[in-house]
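Chains as they are written, first to last, in full-length UniProt numbering: chain A, 1 to 431; chain B, 1 to 431; chain C, 1 to 358; chain D, 1 to 358.
I should point out that these hints are in silico values taken from the structure, not numbers from a laboratory.
Note that CB positions come from ideal geometry on N, CA and C, so glycine has one too.
Be a bit skeptical, because a hint or two may be false.
[Unchecked claim] Here are the simulated BS3-like cross-link-like pairs (lysine-lysine), alpha carbons at most 30 Å apart as the crow flies:
(1) K428(A) to K158(D)
(2) K329(A) to K428(A)
(3) K71(D) to K257(B)
(4) K158(D) to K250(B)
(5) K329(A) to K308(A)
(6) K206(A) to K89(A)
[Unchecked claim] Computed from the model, here is a short list of chain B residues facing chain A with C-beta under 10 Å:
(7) R200
(8) A202
(9) T278
(10) N279
(11) D332
(12) V405
(13) S406
(14) Y407
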Amino acid sequence: MATKHYPTPMLDVLEEGPWPSFISGFKKLRDEHPDERIRSTINGLLGQLEHSYETRMGYWKGGTISVFGYGGGIIPRFSEVGHMFPESKEFHTLRVQPPAGNYYTTDMLRQLADSWEKWGSGLQTFHGQTGNIMFIGANSVNYQHFFDEINEYGWDLGGAGPCVRTGMSCIGAARCEMSNCNEHAIHRRLLNNFTDDVHRPALPYKFKFKVSGCPNDCQNAIERSDFAVIGTWRDDMKVNQEAVKEMIMKKAKEIGKEGDRSAGRQYMFDNVISRCPTNAIKLNDDDTLTVDNHNCVRCMHCLNVMPKALQVGDDKGVTILIGGKRTLKIGDLMGTVVIPFMKLETEEDYERIVELAQTIIDFWAENGLEHERCGEMIERIGLVNFLEGIDIDPDPNMIKQPRNVSYVRTDGWDEAAEEWFNRKREEKAAA
Amino acid sequence: MATKHYPTPMLDVLEEGPWPSFISGFKKLRDEHPDERIRSTINGLLGQLEHSYETRMGYWKGGTISVFGYGGGIIPRFSEVGHMFPESKEFHTLRVQPPAGNYYTTDMLRQLADSWEKWGSGLQTFHGQTGNIMFIGANSVNYQHFFDEINEYGWDLGGAGPCVRTGMSCIGAARCEMSNCNEHAIHRRLLNNFTDDVHRPALPYKFKFKVSGCPNDCQNAIERSDFAVIGTWRDDMKVNQEAVKEMIMKKAKEIGKEGDRSAGRQYMFDNVISRCPTNAIKLNDDDTLTVDNHNCVRCMHCLNVMPKALQVGDDKGVTILIGGKRTLKIGDLMGTVVIPFMKLETEEDYERIVELAQTIIDFWAENGLEHERCGEMIERIGLVNFLEGIDIDPDPNMIKQPRNVSYVRTDGWDEAAEEWFNRKREEKAAA
Amino acid sequence: MAAPEMRDPIESGCPDGFQYMHPVMRRNYGLWAYHEDPRPGVLVHVSKTGEKIWTVRAGTQRILDVFTLRKLMDIGDTYGDGYVHFTIRSNIEFLVADEAKVEPLVSALEDAGFPVGGTRNSVTTLSHTQGWLHCDIPGTDASGVVKAMMDELLPEFKSWSMPNRVHITTSCCQINCGGQGDIAINVQHTKPPKINHALVGNVCERPSVVARCPVAAIRPAMVDGKPSLEVDEKKCICCGACYPPCPPMQINDHQATQLAIWIGGNHSNARGKPTFQRLVAAGIPNNPPRWPEATAIVKKILACYKEGAKDWERINEWVERIGWPRFFEVTGLPFTKYHIDNWRGARANLNSSTHIRF
Amino acid sequence: MAAPEMRDPIESGCPDGFQYMHPVMRRNYGLWAYHEDPRPGVLVHVSKTGEKIWTVRAGTQRILDVFTLRKLMDIGDTYGDGYVHFTIRSNIEFLVADEAKVEPLVSALEDAGFPVGGTRNSVTTLSHTQGWLHCDIPGTDASGVVKAMMDELLPEFKSWSMPNRVHITTSCCQINCGGQGDIAINVQHTKPPKINHALVGNVCERPSVVARCPVAAIRPAMVDGKPSLEVDEKKCICCGACYPPCPPMQINDHQATQLAIWIGGNHSNARGKPTFQRLVAAGIPNNPPRWPEATAIVKKILACYKEGAKDWERINEWVERIGWPRFFEVTGLPFTKYHIDNWRGARANLNSSTHIRF
Ligand code: SRM
Ligand code: SRM
Ligand code: SRM
Ligand code: SRM
Ligand code: SF4
Ligand code: SF4
Ligand code: SF4
Ligand code: SF4
Ligand code: SF4
Ligand code: SF4
Ligand code: SF4
Ligand code: SF4
């Protein structure tokens with residue numbers, strides 16, 4: 001005998017239209033899933049969601065639950081209208097760390113679906129905005145079993161609460177010619193060094209790592225992570241002059257002027273040459289390109305327009321920016337350059353970046369206020385105090401421009417200047 | 001019998017070198033001036049200045065004196081080392097308003113020098129950084145006589161203290177083809193409307209007017225005045241195509257490529273076309289110029305480079321920026337656009353600008369804290385509250401970009417939007 | 001009674017992705033030479049070794065029921081090589097080593113109702129958050145907003161008709177988990193929280209709630225003898241930051257909770273440096289199930305952008321070139337006092353020059 | 001005894017300049033068509049009426065003794081038309097209607113020791129302030145600094161050897177009456193004020209002194225039973241703002257009062273919008289009578305600017321094009337933690353992008 005369905009007039013409207021409908025998916029579970037537990041849970045969920053649509057209010061509240069041995073990783077949800085929709089009154093979400101880079105075999109996804117179906121609502125998200133697989137909707141009895149089951153075959157929880165959060169890395173080296181680093185290795189080395197901090201919230205607030213293989217920053221790392229690792233390169237970009245010539249004629253053709261070289265050149269001027277933020281790229285009369293690599297700021301634009309002709313250099317590494325985050329409580333922050341360039345090739349290099357992360361998190365754990373992100377702390381104490389706290393020397397690449405207000409105490413100038421000159425001398429010697 | 005001279009070994013060094021030496025001038029007064037009062041005053045002055053050079057400290061202190069009937073306009077100075085250099089122990093400066101634009105006949109300057117010689121030190125400055133003629137060095141007995149004498153033939157004191165200060169205006173229409181307004185008239189209309197506020201300090205702090213005839217801002221008005229009036233134009237700039245062609249060949253010649261048209265064109269590209277901040281200017285193949293006047297932001301650059309070929313338009317007026325000032329106490333402030341454009345032709349126009357200044361000063365006098373400049377007040381209360389206080393509608397030209405933090409209270413949005421649409425409708429109707 | 005036997009977790013952390021990676025990608029890891037775009041939604045990356053990998057990208061509803069997930073897996077097995085990748089925008093990507101598989105794969109996806117596209121200069125899938133479906137503080141829904149808008153933006157998803165890629169985001173409260181983008185549809189509350197004083201004492205850690213307020217508008221107070229909190233409604237900017245730590249400070253309201261639209265958020269370093277979003281429209285009704293008012297504004301902005309921008313200009317670059325006054329002119333959106341910044345550092349957003357277009 | 005008869009002032013305010021204006025300028029007011037630059041220091045403005053006015057600009061010491069003033073007037077009468085104009089930088093300009101008068105006028109000025117120049121892309125006269133000569137709070141002198149530097153910059157004053165006009169300013173305390181410019185030589189105190197507690201009580205309005213401190217480092221205090229003030233030396237940024245309202249708060253020190261050099265202040269709207277100065281060097285000894293250390297740095301910066309900038313680039317535009325790291329490289333000036341902004345809104349001056357030159 002079929003359970004009665006809560007009416008969903010407003011949600012039904014979201015079944016119309018060409019885009020895949022989550023509501024249709026919900027209904028299929030409600031109507032066709034063999035397991036009565038799932039059918040009724042989703043029925044309740046639809047009922048509560050319709051109620052939200054009609055009243056324009058949300059009805060979930062939080063709580064505290066976690067799997068045995070961990071402090072976080074689950075977002076508990078209890079319904080405030082459980083009396084109206086008892087079937088889904090407990091609807092917790094497990095945040096599960098994806099493989100670095102979000103790669104899956106169909107088999108593994110089927111396996112995860114099977115486990116989830118056994119214990120949960122049958123609803124999952126690839127992925128949440130912090131990168132977790134979100135298994136949405138387990139009750140207080142089942143979530144532990146689900147975790148135990150998938151944990152056995154290689155899956156672990158991500159972060160929730162004041163802790164190191166699940167990381168993100170772009171597809172990068174796995175499928176992108178722009179990549180300047182091993183995003184995958186960086187992501188895992190950093191995250192798995194902090195597993196304890198992921199599972200046991202004990203920091204002032206959340207801390208996020210994101211890795212993008214180049215300045216296109218496909219992971220929004222600069223604004224959306226506390227520790228942004230962005231691939232870049234130090235030597236000359238590679239120019240395939242033949243490909244440049246081809247591109248010119250190809251573009252001419254694309255704009256309907258087959259064979260018209262000057263039309264192709266014009267396209268190059270309008271779309272590449274004139275768009276370089278530092279005018280570092282020049283198209284010569286013989287259709288070759290000259291790049292002023294000393295003035296190129298690695299913005300990626302010209303490489304983006306002509307990936308076949310231009311390639312990143314060989315002396316690759318990363319730039320690290322610290323302190324990005326979103327709105328609360330002082331407005332969005334972008335990360336600030338703290339490491340202009342660092343190589344990531346040898347084991348030592350990797351140890352160095354992990355150590356840097358450790359030092360930063362320790363300093364922040366020491367000095368951050370409750371619920372204060374690393375970037376908010378830097379904003380409060382000033383970049384210089386932060387740099388001194390993590391023992392990094394000031395570098396002009398960390399700034400857009402020097403201060404413009406004279407309200408600064410400059411005693412100690414001579415020592416600071418001396419240090420600079422010494423560093424420069426050492427660099428010279430080293431080089 | 002010659003009075004003994006204080007030794008000035010350090011100052012003597014400043015008599016060397018090709019630049020006109022103020023020290024040589026002082027000594028001439030000390031040694032050759034017929035009036036013993038002047039000779040000894042300057043002797044004392046040199047003694048104290050040498051003492052400052054040797055000890056690297058200043059020795060003047062202030063006080064309060066003013067001419068009968070006024071509260072300000074004089075900077076009193078009493079020496080802290082009067083016992084060592086009694087001859088110059090009183091050394092007050094009278095700030096005298098210059099004619100708008102700083103024009104003088106040689107006769108008038110001689111007449112002023114004669115009066116000053118009678119009563120003062122014989123030292124004067126053309127001009128102080130706020131534009132006053134500074135008659136430097138009168139004692140407490142003489143300053144009133146000097147003022148009475150020059151006041152009789154048309155000279156009045158400027159401001160000192162928390163009051164409306166002496167104004168400044170560029171040479172503009174009197175000798176500059178870039179001028180978009182009658183700087184001279186604006187300067188005098190504004191200043192002489194506030195004569196009482198100039199002479200009787202009763203405002204929260206100082207208030208300065210500066211007038212520049214075009215966006216080159218030769219008076220530094222935007223950063224150095226509370227009320228900056230900058231000439232600009234609304235219609236198309238004037239292009240003398242013949243002069244453009246001449247310029248091209250002229251430049252070719254200047255760079256040693258006489259007759260080489262393409263060299264002249266290259267010069268134009270490098271120095272004019274490519275420097276336009278909005279790419280609003282184009283050099284055609286026939287050596288004519290096309291200006292996209294709708295996108296020209298009136299930066300002046302192209303007119304500066306080729307004044308013979310390009311001229312400002314006919315529909316002239318001014319942009320007004322409020323709140324510029326220097327360092328104290330929150331760091332330098334530039335003025336903010338409050339009136340994007342206003343005509344200044346008819347008597348009514350002039351009444352309107354005076355009224356605007358009055359409204360702003362009144363609002364500031366009401367709401368400014370002690371020693372708070374108008375710009376600091378705006379910074380404290382926010383531009384919008386200031387605009388509402390002086391009853392001016394928000395305009396997108398007042399901003400560089402809209403807010404980027406969501407921390408704003410937007411109830412009242414609909415009314416505000418309605419107002420905007422109504423204004424637009426009226427403007428349309430008016431047009 | 002004895003505590004039940006509990007299992008200790010294996011703290012394996014972030015799994016190795018290589019085990020799930022297409023063999024061609026594994027073999028050519030870090031060796032990619034360039035890519036081409038055969039058609040919207042399809043990429044081919046060419047390795048220095050000469051090997052190629054084709055990517056077919058399709059939109060999903062992000063929150064997948066097991067049926068839908070399995071449907072996608074079936075397609076992946078039948079038409080693909082059994083390897084998939086999810087993008088940061090919850091699009092699914094099928095990776096195949098054989099060009100011949102591309103077209104059948106595309107049709108299979110389209111037939112199953114998964115639109116193929118979202119690459120290059122298209123409007124890709126809106127990034128979204130949890131909303132009424134799961135969060136404890138939402139002012140609106142997320143999945144529903146995205147579904148409603150993508151229904152209307154499908155042509156732009158499936159074609160290359162935009163000047164550059166368009167990244168749109170939605171968030172369901174002012175915390176903005178959805179991030180910012182070329183266009184961000186965010187919640188904007190317009191009334192201070194209504195406080196349920198009875199509960200505050202038990203539920204909320206008052207000092208930390210006080211500390212959470214960006215404008216220090218909250219102070220501890222006793223209300224009818226009970227410890228509670230008090231909000232200075234003049235100061236309050238209705239941001240809702242006090243609500244998560246203290247649910248009795250009800251910020252959500254079926255009327256006063258509205259939507260605002262922000263544009264010009266750009267995270268990439270291409271050409272210009274990364275930029276923050278800027279407010280363009282507020283006072284937009286939070287109107288389920290299809291939020292037509294918000295959608296209309298988004299479409300208007302996209303139309304003007306498409307019309308006015310040069311190739312490769314992101315929305316912020318377009319507006320910065322033509323100037324903000326012109327933006328309000330062409331879109332017909334009202335300019336109000338609310339656009340004028342009054343937050344910390346507001347000065348940097350004011351015009352302190354005579355650069356004006358007439 | 002009866003008060004003396006006092007005369008009531010005539011509040012005539014700002015005098016009409018037309019009465020002192022050269023007749024050609026009066027006749028052609030607002031009618032100017034263009035100008036040319038026959039040679040450094042000389043301008044000719046041509047009116048739409050065809051009339052012309054020649055301007056000969058010469059440097060002065062700004063503070064003129066009556067002898068020097070009369071010498072200039074004599075030259076103006078003998079070689080000019082008896083009309084002069086002073087520029088905002090205290091240069092004197094002689095206006096003549098007859099081209100034939102120009103060369104004799106130039107030679108007369110040069111012979112009398114008044115260098116002709118300062119126009120167009122030259123280094124014009126440094127703007128300066130009062131200094132030890134007259135002010136009550138100066139940390140250094142002003143006329144002396146300008147004299148010392150102009151002695152060395154004379155060739156740049158008299159020629160057109162710079163990429164664009166160079167406006168240099170000096171100020172004798174951190175209040176900076178001298179304004180900012182392409183290069184600004186300003187005072188920078190490095191020690192908190194030494195307080196003469198005995199005097200504070202009588203001389204200073206304590207509340208307004210407290211209010212004057214930009215960082216709220218001052219609090220009222222009783223010192224040996226007398227009302228005085230106390231400075232939190234950790235907070236104090238040594239700005240000297242408390243000194244004018246309260247002379248007992250002695251900020252000046254013959255050692256700790258030093259000079260700092262700032263560049264890139266640009267008030268004009270030409271090309272870019274107006275910009276503020278930015279710190280490049282501090283810890284410079286305040287070294288009368290010739291301040292050689294400061295002069296050396298100014299000359300070094302000018303040399304690099306001349307070498308590296310394009311025509312029409314002001315100093316800020318040149319540095320913004322090559323980037324600040326490069327600026328420190330080419331000038332050899334040290335980059336220190338003091339260059340990194342920590343004032344309000346500091347964030348806007350930090351690099352939040354990956355735009356880096358290698
Ligand atoms: C699930 C998710 C949205 C989504 O549907 O994708 C999410 C959901 C919540 N976020 Fe978030 N945030 C999510 C990604 C983000 C991001 C995006 C990112 O990580 O790139 C941000 C902006 C970046 C950043 O970290 O600043 C983000 C900034 C916040 C904030 C504000 C943090 C701040 O310092 O500004 C809060 C509030 C807080 O933590 O106090 C917050 C809090 C929350 C809470 C826990 C609300 C609460 O305090 O109870 C939400 C739980 C919803 C639920 O029921 O599941 N969430 N949150 C995302 C996490 C899924 C995952 O783990 O993959
Ligand atoms: C798959 C994905 C990375 C991932 O690991 O998930 C990705 C992949 C690529 N991105 Fe991206 N980007 C991806 C999200 C992003 C994001 C983040 C986001 O969408 O929230 C950004 C920054 C967004 C922003 O700035 O707000 C991003 C900014 C770029 C840019 C810079 C565009 C610009 O001019 O500003 C490029 C360069 C380009 O367009 O050629 C780029 C280029 C690319 C290329 C062409 C790189 C390559 O050569 O393979 C990849 C193919 C994408 C395509 O759609 O044509 N990708 N890309 C993400 C796909 C999202 C989606 O499903 O639509
Ligand atoms: C006389 C004077 C105005 C006055 O009433 O006193 C003046 C007069 C002229 N200025 Fe100026 N400017 C004068 C101070 C300024 C100032 C203020 C200052 O020096 O402190 C500025 C802004 C300074 C700043 O930005 O920091 C100034 C920024 C300009 C500019 C914009 C330059 C640029 O590219 O940024 C121009 C345009 C140009 O150079 O062609 C200009 C152009 C001119 C022209 C060529 C206008 C004209 O067509 O007649 C005038 C001849 C000047 C020359 O030296 O070639 N004038 N000019 C001032 C002479 C000062 C001096 O003795 O050296
Ligand atoms: C004389 C002069 C410097 C010069 O030699 O040219 C000067 C001299 C003094 N200025 Fe100034 N300022 C002079 C132009 C300026 C300017 C430039 C301008 O007006 O364009 C500024 C920057 C612009 C501005 O107004 O912000 C300026 C900003 C200050 C300030 C800081 C005001 C502020 O809000 O930041 C003070 C301090 C104060 O007023 O409390 C100040 C205070 C002073 C005092 C009265 C010092 C004091 O508080 O006792 C100085 C008297 C010196 C003396 O003994 O004569 N002076 N002062 C200038 C006035 C001469 C004249 O009237 O023509
Ligand atoms: S960030 Fe760079 S490397 Fe990574 S996917 Fe995007 S374009 Fe490729
Ligand atoms: S990467 Fe960017 S900065 Fe470098 S040359 Fe190309 S366009 Fe210019
Ligand atoms: S501000 Fe403009 S109008 Fe005035 S003098 Fe300078 S260039 Fe001429
Ligand atoms: S005035 Fe400035 S903005 Fe206008 S066209 Fe000339 S260079 Fe461009
Ligand atoms: S944006 Fe707000 S409501 Fe939406 S998921 Fe994030 S925290 Fe919850
Ligand atoms: S809504 Fe925001 S501003 Fe208002 S009280 Fe709560 S936290 Fe403070
Ligand atoms: S800068 Fe300072 S010391 Fe110099 S005149 Fe101005 S107030 Fe006096
Ligand atoms: S010197 Fe400046 S910071 Fe120090 S106490 Fe005085 S006013 Fe305050």
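A quick look at each hint next to the structure:
no. : hint               : in the structure
1   : K428(A) to K158(D) : violated, 40 Å
2   : K329(A) to K428(A) : violated, 44 Å
3   : K71(D) to K257(B)  : violated, 45 Å
4   : K158(D) to K250(B) : holds, 24 Å
5   : K329(A) to K308(A) : violated, 44 Å
6   : K206(A) to K89(A)  : holds, 28 Å
7   : R200               : violated, 32 Å
8   : A202               : violated, 30 Å
9   : T278               : violated, 14 Å
10  : N279               : holds, 9 Å
11  : D332               : holds, 7 Å
12  : V405               : holds, 4 Å
13  : S406               : holds, 6 Å
14  : Y407               : holds, 7 Å
Hints 1, 2, 3, 5, 7, 8, 9 from the earlier list are contradicted by this structure; the remaining hints agree with it.
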